[in-house]
Amino acid sequence: MMRTVIGWIVVAIGTVLGAFAEAPTAMVGEAAPAFALPSVDGRAYSLADFRGSYVVLEWTNYDCPFVRKFYNAGAMQALQKELAEKGIIWLSICSSAPGKQGHFTADEWKKRIEKWQVAAKAVLLDADGKIGRTYQATNTPHMFVIDPNGVLIYAGALDDKPSADPKDIPEAKNYVRATLEAAWAGRPVETPSTKAYGCSVKY
Amino acid sequence: MIRIVLQFSFSLLAVLPRAVAHAETPLIAEARMISDRRSIRAGETFKIGVHVRIPPGAHMYWINPGDGGLPTRIQWQAPSEFEIGPTQWPIPARFVEPPLISHGYADEVVFWATVRAPGDFGPIAAVRLTARIDWLLCRESCVPGGADLSLVLRTGKSEDAPDSDRAILFEFERRIPREQPAWRFLFTDHDDHVVLYTVPPPEWDAKALAKLVFIPEMDDLTEPAAPQEWRKDHGRYVLRLPKTARRHRVGERLEGVLREGDGHPRPPNEQFMRVSATHLEREQ
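Chains A and B, in that order, give the protein sequences. First residue of the first sequence: 1, per my numbering; consecutive thereafter. First residue of the second sequence: 1, per my numbering; consecutive thereafter.
If we strip away everything but chain A, and leave its shape as in the complex, we get (with noise of 0.2 Å):
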C-alpha cells in the first residue's frame, strides 16, 4: 500500500516536472518566454526587470551580411537611439555557438561594438541557443516586439525587403517601428508575424 501511494507520488512528480521542463514557445499574443542571459560585458539581464516597458529582442550575428547590411548603413544604430528616446528597452541576442560565425571573445565584441556604435541596452550571450530556440529565432535578425504586461506582440523580419543590399532600407517598411507606433497609439498591430530573413542562426 505504502509502496503504491509513494509511487503514485514519484509518478505525480514527474508529471509536475515534465510540464514545467516542456520548454515554452513564443507564440505573438501570449506571454514573452522569460529567460535571464550574460551581456558581453558580463553583466546578468533578465526579461522580468523590464516588466512595465517595451522590450525590442533582436536575434543576431555580426558577420552575417543581412545584420551588416543594418549596422554599416546606421539603419539599425539610428532606430535602437530612436525607441531608447522613448523608453524602450532594446536588447540584442547572440545565439551563435562556440566556433561558429558570429561567436565572439568579450575583447573581439567590445570592438565591434565601438566600431559600429551599437546602442542597444545590451548585447545578451546565448550561446547554447536555448533562449533562440525557445523563441524558434530562425535568422539574423530576427525580431521579436514585447509589451509592458509582457506579451510577444511581434516576431519576424526587420522590415520587408528580403534582400543584403543597404540600398533597400529607405524604401522598406520597418515592422518593428510599425508594430511599437501601432502599439502606442493603442490601435492593434496590423502585421503581428512576418517570415524573418537573413543568415540561419548558427546555432
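Rather than coming from a laboratory, the hints here were simulated on the basis of the structure. Glycine included, C-beta positions come from ideal geometry on N, C-alpha and C. Mixed in with the good hints, there may be bad ones.
[Said to hold, decoys possible] Here are a few chain A residues that face chain B, going by a calculated C-beta distance under 10 Å:
#1 Lys-100
#2 Gly-102
#3 Ala-155
#4 Asp-165
#5 Asn-174
[Unchecked claim] Lysine-lysine pairs mimicking BS3-like chemistry, simulated, CA-CA at most 25 Å apart:
#6 A:Lys-173 to A:Lys-110
#7 B:Lys-243 to A:Lys-161
#8 A:Lys-195 to A:Lys-115
#9 A:Lys-111 to A:Lys-161
#10 B:Lys-232 to A:Lys-195
#11 B:Lys-232 to B:Lys-243
#12 A:Lys-110 to A:Lys-130
#13 A:Lys-121 to A:Lys-110
#14 A:Lys-130 to B:Lys-243
Starting from the known structure of chain A, arrange chain B on it as the hints suggest.
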C-alpha cells in the same frame, strides 16, 4: 560566351569563416550560360541554362528556401521574337541544420528554360540571349552574389553545342520533378495546418512512403523542420503539415515536390516527383 561573376564587396569580409571545415575555399559560386545548340534554325525549340558551380559545403536556395536563406532569382532575356518558357527548377535537397531546415542546391546545378526561335531570322547572323541570376550562398556564413551572363548563338542551321554542355543540361533535365500519372494527390487547408492525401501505387506501403518528404513550393506555408509522418486512413495515406505562424492560405492547388530523403549528399537513383494537389472538396 561572356562570363562576369559579381560579388557584393561589402560582404566579402564575411567570406572567410574562422576554424571551420571548407575554410580553404572562398564562398564564391561560378556561373556560366549554356545552351544545347551552338547554332539555331528558324522556328526550332532549344534550351538555355545557367550552370552554377557551388563551392564545397555551400548551398544556394530553391524557390521556397525554407528556414533562412533567400530564393535564387533568374531573369532571361532574348530578342522579342523569341519565346522563353518558365524557368525549370531541379529537385531541391534539404539541408538539415537543427533546428532549421532549408531547401536548395549543393555542388552544381543548372537552371534552364525552353526557347522557341522565331520562324524567320531575316538578315540576322547571330543572336544574343542573356540571363541575370541572383543568389544567396551559405555555408557557415552567407554571401549574396550573382552574375550577368550572355550567350551568342549563330542563326541558320541547327548545330549541337559541345557534348559537355549538352550532357550537363540533360542531367538537370532529368532532375526536374514531374507529375507521376500513377499518383493522385488531394489536400485540405486548415487554419494552422495543411493535409496532403494520396493513394500511391500498390508497391508503395507505409514503410516506403516514410522515406518521402513533401516540400511545398509556397514559401512560408508550412514549418520546414516539422516531422513528417504518413498515416494510413480509409485506404489512403495522409500527411499533416503544420503551418508557420503566418497561417497563409493555400490557393487553388497545393504545389510542391515529394522527394526521397534529404538528397544531400545526392544518393544514386533517388526518387522524386512533382505534386499538384487539388482540394478534397473539389474532388471529382
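Right, here's what the structure says about each hint:
1. With its C-beta approaching chain B no nearer than about 6 Å, Lys-100 (chain A) sits inside the 10 Å limit, and its interface hint holds.
2. At a threshold of 10 Å, the smallest CB-CB gap from Gly-102 (chain A) to chain B is about 9 Å, leaving the interface hint in force.
3. For Ala-155 (chain A), the interface hint holds, since its Cβ comes within 10 Å of a Cβ in chain B; the closest pair sits about 7 Å apart.
4. Below 10 Å, beta-carbon pairs count as interface contacts, and Asp-165 (chain A) has one with chain B at about 7 Å; its hint therefore holds.
5. For Asn-174 (chain A), the interface hint is violated, the least distance from its beta-carbon to any beta-carbon of chain B being 18 Å, above 10 Å.
6. For the proposed pair Lys-173 (chain A) and Lys-110 (chain A), the alpha carbon gap of about 31 Å is over 25 Å, so the pair is violated.
7. Under the criterion of a C-alpha separation no larger than 25 Å, the hint pairing Lys-243 (chain B) with Lys-161 (chain A) is consistent with the structure, at around 22 Å.
8. As the CA atoms of Lys-195 (chain A) and Lys-115 (chain A) are separated by approximately 30 Å, the hinted pair breaks the 25 Å bound.
9. Restraint check for Lys-111 (chain A) and Lys-161 (chain A): the C-alpha separation of about 29 Å exceeds 25 Å, so the hint is violated.
10. Straight-line distance between C-alpha atoms of Lys-232 (chain B) and Lys-195 (chain A) comes to about 32 Å, which puts the hinted pair past the 25 Å bound.
11. Between Lys-232 (chain B) and Lys-243 (chain B) the CA atoms are separated by roughly 21 Å; this keeps the pair inside 25 Å, and the hint holds.
12. For a cut-off of 25 Å, the pair hint linking Lys-110 (chain A) to Lys-130 (chain A) stands: about 23 Å separates their Cα positions.
13. Our distance criterion of 25 Å between C-alpha atoms is met by Lys-121 (chain A) and Lys-110 (chain A), whose separation comes to about 14 Å.
14. The hinted pair formed by Lys-130 (chain A) and Lys-243 (chain B) meets the criterion: a straight-line CA distance of about 23 Å does not exceed 25 Å.
The earlier numbered hints that this structure contradicts are 5, 6, 8, 9, 10.
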